[in-house]
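Under full-length UniProt numbering, the first residue of the sequence shown is numbered 1, with each subsequent residue one higher.
I should point out that these hints are in silico values taken from the structure, not numbers from a laboratory. Fair warning: this is a prediction, and the values are worked out from it, not measured in the lab. Incorrect hints may appear among the rest.
Unchecked claim - Using 35 Å as the maximum straight-line C-alpha spacing, the simulated DSBU-like pairs for lysine-lysine come out as follows:
hint, residue 1, residue 2
1, Lys91, Lys106
2, Lys70, Lys91
3, Lys161, Lys105
4, Lys177, Lys229
5, Lys250, Lys271
Stated by the list, open to error - Each pair of labels, with its calculated beta carbon distance range:
hint, residue 1, residue 2, range
6, Glu135, Glu109, 45 to 53 Å
7, Ile148, Lys106, 29 to 37 Å
8, Lys92, Thr17, 43 to 51 Å
9, Asn218, Lys106, 38 to 46 Å
10, Gln209, Gly176, 18 to 26 Å
11, Glu135, Asn231, 32 to 40 Å
12, Ile127, Leu260, 17 to 25 Å
13, Glu109, Ser67, 55 to 63 Å
14, Asp131, Leu89, 46 to 54 Å
15, Glu277, Gly172, 28 to 36 Å
16, Leu11, Thr55, 34 to 42 Å
17, Leu94, Glu277, 57 to 65 Å
18, Glu99, Ser220, 50 to 58 Å
19, Ala112, Asn231, 37 to 45 Å
We put the CB at the ideal spot given by N, CA and C, even for glycine.
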Amino acid sequence: HTTILFEEEILHLNICTEFRIPCPNHCNQQDIPRGQMQNHLDNECAKQELPCPFTDCGCEFRAERMSITKHIKESPGIHLNMAGKTISLQKKLLQLQDERMQEQKKWIELLAKKVNALEKCYGSQLIWKIDGYQEKIMEAKSGKKPTIFSPPFLTSRHGYKLACSACLFGDGKAKGKYLSLFICICRGEYDSLLMWPFSHRVTFTLLDQCEDPDNRRNISYVVKPNTCKENKPFLGRPIGERNASFGAQKFMDLDTMSTLDYIRDDTIYIKVEIDSEDMIVI
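All chains should be modelled from the sequences, with the hints used to inform the complete structure.
Structure, rendered in structure tokens:
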């Protein structure tokens, strides 16, 4: 048994969930525990004003609970029409959302391709994958396609634009005996900000594809550009799309190419590295 002082009793009655109070809508139930009042208003009170259940379909009718029931029974056609229009509108919205999602998917795929291209481009090195090697070397041997070119790459985000070329059956005096590798300077967006002539060391590497990294015997060749006046067609700022190529005419003899794992799954990999020492960073 709890004893409550008079002053405290007044405060308690204002919050007590068991204290009985009349319905604020003045319906025939006037003795409802405070804690059950919300349930009474939501589910029982005949005089509680409610929106039509088809409010989301556009019906703006509001009335007491009993009148709402009558309203629904008397207007089935109107409500059915509203529901049909709402479903049709939602279907169109879903279609628009689906179209937008497809557009966003295409945009994401495009951005992914651009990112992939940038990753290949923006770096001081290129790893050039040459697949279909046997077919390509036969085309080079027949003279159908003596030279193949790599994708262009940049020495840095705003650096020199370069491309590698390969004569798989050899070039000039090396024809039929050696793999010839060259590099050329292409006209780029930032050429006016770069230092000319091009003077940075270039390293070509044929990668050994042996599964055990410790047993790989990569073959490398370093080219140090000679910036004399005579080499301007090779090292100067490009006037056309690209300069004449320079590099290693006798990079590797073709007989050695077939040894170890330089050719694997009819594919070879050539890494091209540009020495960034003393290179201007924009």
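Cross-check of the supplied hints:
1. Lys91 <-> Lys106: holds (23 Å)
2. Lys70 <-> Lys91: With a Cα-Cα distance of about 30 Å, the restraint between Lys70 and Lys91 holds, given a limit of 35 Å.
3. Lys161 <-> Lys105: Holds: Lys161 and Lys105 sit about 31 Å apart, inside 35 Å.
4. Lys177 <-> Lys229: Judged against 35 Å, a Cα distance of about 31 Å means the pair holds.
5. Lys250 <-> Lys271: Holds. Lys250 to Lys271 sits at ~17 Å (cutoff 35 Å).
6. Glu135 <-> Glu109: 45 to 53 Å: violated (30 Å)
7. Ile148 <-> Lys106: 29 to 37 Å: holds (31 Å)
8. Lys92 <-> Thr17: 43 to 51 Å: holds (48 Å)
9. Asn218 <-> Lys106: 38 to 46 Å: For Lys106 against Asn218, whose Cβ atoms are near 40 Å apart, the range 38 to 46 Å holds.
10. Gln209 <-> Gly176: 18 to 26 Å: holds (24 Å)
11. Glu135 <-> Asn231: 32 to 40 Å: holds (35 Å)
12. Ile127 <-> Leu260: 17 to 25 Å: About 18 Å separates the Cβ atoms of Ile127 and Leu260, which means 17 to 25 Å holds.
13. Glu109 <-> Ser67: 55 to 63 Å: Distance hint for Glu109, Ser67 holds at roughly 56 Å.
14. Asp131 <-> Leu89: 46 to 54 Å: holds (53 Å)
15. Glu277 <-> Gly172: 28 to 36 Å: Given about 31 Å between the Cβ atoms, the range holds.
16. Leu11 <-> Thr55: 34 to 42 Å: Holds, since Leu11 and Thr55 (Cβ atoms, about 40 Å apart) stay within the stated range.
17. Leu94 <-> Glu277: 57 to 65 Å: Check passed, 59 Å falls within 57 to 65 Å.
18. Glu99 <-> Ser220: 50 to 58 Å: holds (53 Å)
19. Ala112 <-> Asn231: 37 to 45 Å: holds (40 Å)
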